[in-house]
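Asks: The primary structure of each chain is shown beneath.
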Amino acid sequence: MKNALDFEVPLIKLRDELDEARRRHQLSPSNNTATLVAELESRFHVMQQDINRNLSPWERVQIARHVKRPFMLDYVKHICPEFIELHGDRHIGDDHAMPAGFAIWGDRKVLVVGHQKGRDTKENLLRNFGSAHPEGYRKAMRLMRLAEKFGLPIVSLIDTPGAYPGVGAEERNIAEAIAFNLREMMTLRTPVVAVVIGEGGSGGALGIGIADRVLLLENAYYSVISPEGCAAILWKHRQHAPEAAAALKLSAQDLSQLGIIDGIIPEPAGGAHHSPSEAAIYLKEGVLKAIAELEKLPIPTLLDQRYQKFRAYGQFTNS
Amino acid sequence: MPIFKKRTVDDLGEKKRDMPEGLWTKCPSCGESLYEQALVKNLRVCTHCGYHFTMSAPERVASLCDDGTFVEMDATLNSVNPLGFKGYVEKVAANQEKTGLGEAVLTGRGAIESIPVLLAIMDFRFLGGSMGSVVGEKITRAIEAATAEGKAVIVFSSSGGARMHEGILSLMQMGKTSGALARHSEARLPFISVLTHPTTGGVTASFATLGDVILAEPGCMIGFAGARVVKETTHADLPKGFQTAEFMLQHGLLDRIVVRKDMRTTLAALLRYMTRG
Numbered sequence: 001m002k003n004a005l006d007f008e009v010p011l012i013k014l015r016d017e018l019d020e021a022r023r024r025h026q027l028s029p030s031n032n033t034a035t036l037v038a039e040l041e042s043r044f045h046v047m048q049q050d051i052n053r054n055l056s057p058w059e060r061v062q063i064a065r066h067v068k069r070p071f072m073l074d075y076v077k078h079i080c081p082e083f084i085e086l087h088g089d090r091h092i093g094d095d096h097a098m099p100a101g102f103a104i105w106g107d108r109k110v111l112v113v114g115h116q117k118g119r120d121t122k123e124n125l126l127r128n129f130g131s132a133h134p135e136g137y138r139k140a141m142r143l144m145r146l147a148e149k150f151g152l153p154i155v156s157l158i159d160t161p162g163a164y165p166g167v168g169a170e171e172r173n174i175a176e177a178i179a180f181n182l183r184e185m186m187t188l189r190t191p192v193v194a195v196v197i198g199e200g201g202s203g204g205a206l207g208i209g210i211a212d213r214v215l216l217l218e219n220a221y222y223s224v225i226s227p228e229g230c231a232a233i234l235w236k237h238r239q240h241a242p243e244a245a246a247a248l249k250l251s252a253q254d255l256s257q258l259g260i261i262d263g264i265i266p267e268p269a270g271g272a273h274h275s276p277s278e279a280a281i282y283l284k285e286g287v288l289k290a291i292a293e294l295e296k297l298p299i300p301t302l303l304d305q306r307y308q309k310f311r312a313y314g315q316f317t318n319s
Numbered sequence: 320m321p322i323f324k325k326r327t328v329d330d331l332g333e334k335k336r337d338m339p340e341g342l343w344t345k346c347p348s349c350g351e352s353l354y355e356q357a358l359v360k361n362l363r364v365c366t367h368c369g370y371h372f373t374m375s376a377p378e379r380v381a382s383l384c385d386d387g388t389f390v391e392m393d394a395t396l397n398s399v400n401p402l403g404f405k406g407y408v409e410k411v412a413a414n415q416e417k418t419g420l421g422e423a424v425l426t427g428r429g430a431i432e433s434i435p436v437l438l439a440i441m442d443f444r445f446l447g448g449s450m451g452s453v454v455g456e457k458i459t460r461a462i463e464a465a466t467a468e469g470k471a472v473i474v475f476s477s478s479g480g481a482r483m484h485e486g487i488l489s490l491m492q493m494g495k496t497s498g499a500l501a502r503h504s505e506a507r508l509p510f511i512s513v514l515t516h517p518t519t520g521g522v523t524a525s526f527a528t529l530g531d532v533i534l535a536e537p538g539c540m541i542g543f544a545g546a547r548v549v550k551e552t553t554h555a556d557l558p559k560g561f562q563t564a565e566f567m568l569q570h571g572l573l574d575r576i577v578v579r580k581d582m583r584t585t586l587a588a589l590l591r592y593m594t595r596g
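So the sequences go chain by chain: A and B. Residues 1 to 319 (this note's numbering) make up the first sequence, in order. Residues 320 to 596 (this note's numbering) make up the second sequence, in order.
Possibly wrong hints are sitting among the right ones.
Unchecked claim - From the structure, some residues in chain A lie toward chain B, with a derived Cβ separation under 8 Å:
1) Ser28
2) Ser202
3) Leu206
4) Ile210
No wet-lab data here; the hints were simulated from the structure. Every residue, glycine too, gets a C-beta built ideally from N, C-alpha and C.
Just need the whole structure built from these sequences, with the hints factored in.
Replies: Below, the structure is given as structure tokens:
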């Protein structure tokens, strides 16, 4: 039950019961044990679907942040038979919160870039909890230009609570590193597919998120501010984060309705952490489909559509 | 709506409370009491110590443009409440009432020492200068007009960042404005970004730091994250002068600090190098 989210507890209890019934059935099969297994299986699936359907935005945020959730390099491991990581911004350092490199994605050669979190303290120190410094954004841009030069599609996997708010990051101009990427990604003469695989935290997410297709995993979120940050401003306390998560309309479903994202990639029942290999299959296929569509377009059309896509964001009246 | 509205006592904001009849304003830097009319005449710069008070967008226009050249654009764009955020509509209305502005940015065409430019001037008084759909759209339209007309664009920033109440739509304005600047830049046209107090968050992380030339007013606060957030995250003391214009200049993050009375001539001098013909 370690790492279980509150709303997962009944489900996990039921799964344990089911496992136990299966074990008994295997040891000494009978009509009774078979009936019990079938009944528990059916209850399990109903409960799983119920939970999935009724997840609140805040519960989805918790899934998006789950420590067992597959991270960027987990997906790369599952999807890419080859990944050649390339390091450094060629100026000051190499940001381990933002790995990038050439990869075979399914059957395609691509450039993959993304945020990487850690699972334990040691890894999180290395990965800085998935919060990149300016070096990370500059490395990303350097390698995206490399992809453009050699006609490789770019796959950007977004998973960050936000860009790092530290003294060094400010001194080395984190704001400009993000802004520069926003402008330059708009001009990349190669297809760009961005997928928010976990947390889409504000400018830190958008800094590698200007793309021809922006997709979200089913339980990922994308927001201008963290629910805690919003709660601290509006309700003066972080404990109101669940209300803030609902108000911000940050879930895949809400973002889709707002016309901000181009598609939702399904996750295994209960969330990607229940079956990373299954989640990887959906991610792989979703990205390949998007690349295939984008590659049909002449580059000027691709660039124009990318511009118009972002140009259209915003709601207002004119009277 | 006239841009150059006569200033009234109400425009003085919170300072008026401890000042008799609003005739005097106390300088937060040197503590000197300043006669309101003298302060206005001095472009809201303390006559004693040079402290730059925040300036409203209409005042800024008046301080920059050749007389009678400024024509406002897109004044009729109005915010809606796309997320159904509680209290947002009322907040916008109250800020319109308070400032006499439609939104947190004023855009238009004007001339600076006879050089035609597109101007976008943010006003911090309006919901902290925050960028929602309308602010992003107005700035984008100004940049696109500059591109279409072969003109320079000048943006004066003053903002707490992206507007929370419009959620993800506010975040996307960063991409939208930056995209418009990509096209403006490809057309080899000049963009001058002027940072004024304060410029933070999503505005700093989009158009404000993309200037061909970046200027700042003295003493203004510039940063990505707020100083409080940085302090809470890092649990460390902040360096002296952290996130001020002077700190930014020292770290090579902006081109020049320009005092307000020299802004107009500096912009014109720069533009003469950056425009052909």
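Asks: Each hint: holds or not?
Replies: The hints, checked one at a time:
Evaluation of the Ser28 (chain A) hint against chain B yields a violated restraint, the C-beta minimum of about 56 Å exceeding 8 Å. With a least beta-carbon distance of about 6 Å to chain B, the hint placing Ser202 (chain A) at the interface is held under the 8 Å criterion. The interface hint given for Leu206 (chain A) is met, as the beta carbon of that residue sits about 6 Å from the closest beta carbon of chain B, less than 8 Å. Restraint check, Ile210 (chain A) versus chain B: the minimum CB separation of about 5 Å is within 8 Å; hint holds.
Of the numbered hints given earlier, the model fails hint 1 alone.
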